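**Q** All chains, please: the whole structure from these sequences, using the hints.
For the sequence shown, counting from 1, position 80 maps to 79 in numbering that gives the first Met the number 0; every step adds exactly one.
These are computed hints drawn from the structure, not numbers from a lab.
All values reported here derive from a predicted model rather than from experimental measurement.
Glycine included, every Cβ here is placed at the ideal spot set by N, Cα and C.
Watch out, some of these pointers could steer you wrong.
[Said to hold, decoys possible] Across the chosen pairs, the derived CB separations fall in these ranges: (1) E63 - F30: 41 to 49 Å; (2) I37 - A61: 16 to 24 Å; (3) E95 - S11: 55 to 63 Å; (4) Y72 - A92: 51 to 59 Å.
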Amino acid sequence: MVAQEFIDLFNSISLAQRSTVEDFADRLNLFTVILLLITCIIVSTKQYLLNSISCYIPVKPAGENFNDYLANYCWVHGTIPLADDERMPTTEAQWEEYDSTRRISNEAEVQHFFLLNPIDYQ
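**A** Quick look at the structure:
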């Protein structure tokens with residue numbers, strides 16, 4: 000239902016001067032470019048304007064700026080996910096193993112890829 004309304008809205012947009020024949024492939028190409036640009040806007044807004052990453056530690060020191068520091072640290076170094084029933088690593092060897100096998104890096108270039116990708120379609 001929502002998809003049909005979106006397609007109807009997309010079809011109602013008319014360009015003043017169309018220089019090519021509009022067939023299904025042309026419309027799909029334009030729709031893909033618009034979809035990629037919308038995705039770029041959403042990801043960029045979340046990353047730069049809203050809360051870009053959520054880091055959690057069970058105990059945190061006192062201080063006003065610690066949450067900002069923790070978010071910046073997690074943004075640069077990535078995160079290591081642990082299950083709810085899983086214990087924190089206690090030795091350096093365990094941390095090294097988790098770091099090499101579980102680390103999730105945060106790719107800051109994703110929105111730039113989304114922004115450059117529609118250029119390929121035009």
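**Q** Now, for every hint given, state plainly whether the structure supports it.
**A** Against the structure, the hints come out as follows:
A beta carbon spacing of about 47 Å between E63 and F30 agrees with the range 41 to 49 Å that was offered as a hint. For I37 and A61, the hinted distance range of 16 to 24 Å is not satisfied, since their beta carbons lie about 42 Å from each other. For the pair E95 and S11, the beta carbons lie near 58 Å from each other, so the given range of 55 to 63 Å is met. A beta carbon spacing of about 22 Å between Y72 and A92 contradicts the range 51 to 59 Å that was offered as a hint.
Of the numbered hints listed earlier, those contradicted by the structure are 2, 4.
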